[in-house]
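Just so you know, we're using this note's numbering here: the sequence shown kicks off at 1 and counts up by one.
Don't read these hints as lab results, they were simulated from the structure.
For glycine and all other residues, C-beta sits at the position ideal for the given N, C-alpha and C.
Among the clues, some could well be false.
Said to hold, decoys possible - Label pairs and their calculated CB-CB ranges:
#1 Phe70 - Ile219: 29 to 35 Å
#2 Glu269 - Gly225: 31 to 37 Å
#3 Ala43 - Leu228: 21 to 27 Å
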Amino acid sequence: MQLGEILDGSFSIYRRHFGLFMRLSLVLICAPAIVGVYFATRAISNPVGAANWVQDHVAATIGFGLLVLFVWIMISLLLKAGTIRIISDSYLGNEPSLGAALQFGTSRIIPLLLVAICKTLLIFVLYIGIAIVVAVLGFIGRLLGMGGLFLFLGVIGGIWLFAYVLCGYSLTSMVVVLEDLVSAFDAFGRSADLTRDSRLKVFFTWLVIVIFTNILPSIVVFGVGEVLGRESPVQPFLSLGTIVLGVALAPILPCALTLLYYDLRVRREAFDLEILSEQLGTR
């Protein structure tokens, strides 16, 4: 499939199963959101008391923050796995359901968590390494009287390397969810192999989806907020609307990457989609 076909198929699946995507999000987000709103309301109603409590219970505050982070990560992974299952069922001609998506997401949560942790560590190490190299190049360039040029080349090279590596590992979640691996860490090698010679296609797929689902909505919301004024009573609702819009549009990127995954498997491995359909049906 060409980029346009992937995008068209992604938006088509998203429109067709929008209600199912939203029910999946509500089931997973509803309870944590209610708890979060409760604590936020208590803090806003008594900010001085909340600040004093935090100062008196630093350890408890840190522990609560780590718990919130862990719950958010688990919900995100469940949403991703469930979304991929819905997309796969739709693409393979099966009837997707909320129960199957939740059950499937739960069964894949541990390997997804391991892959997410490793990918986060990889991004951190890559970022630090690129920053050090750019700083060294800038220093050498300054000694040679070409600091600006060396710094520019270092930044461009760092951005290229960062994008190249992340595009290579962009399908790890799809591999973990849709393939039977000996180890979750094998997903990195599988993703790199599938995206070999196709990383530019992966990059432009990601870029177009991010522009449509993140950048443009943020610009619109920001523009409306500026027109209304920062002191407008509508501002809190705009912030809430941004969150809701982000949740509503979140399935589009997994849609595109899942279709890209299938396209690469068929092209590179002559994979029979009926076999995968049967495999998914037995899980």
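Do the hints match the structure? See the list:
1. Phe70 - Ile219: 29 to 35 Å: Taking Cβ atoms as reference, Phe70 and Ile219 lie about 32 Å apart, which means the hint holds.
2. Glu269 - Gly225: 31 to 37 Å: 48 Å, violated
3. Ala43 - Leu228: 21 to 27 Å: 25 Å, holds
When the structure is compared with the earlier hints, a violation turns up for hint 2 alone.
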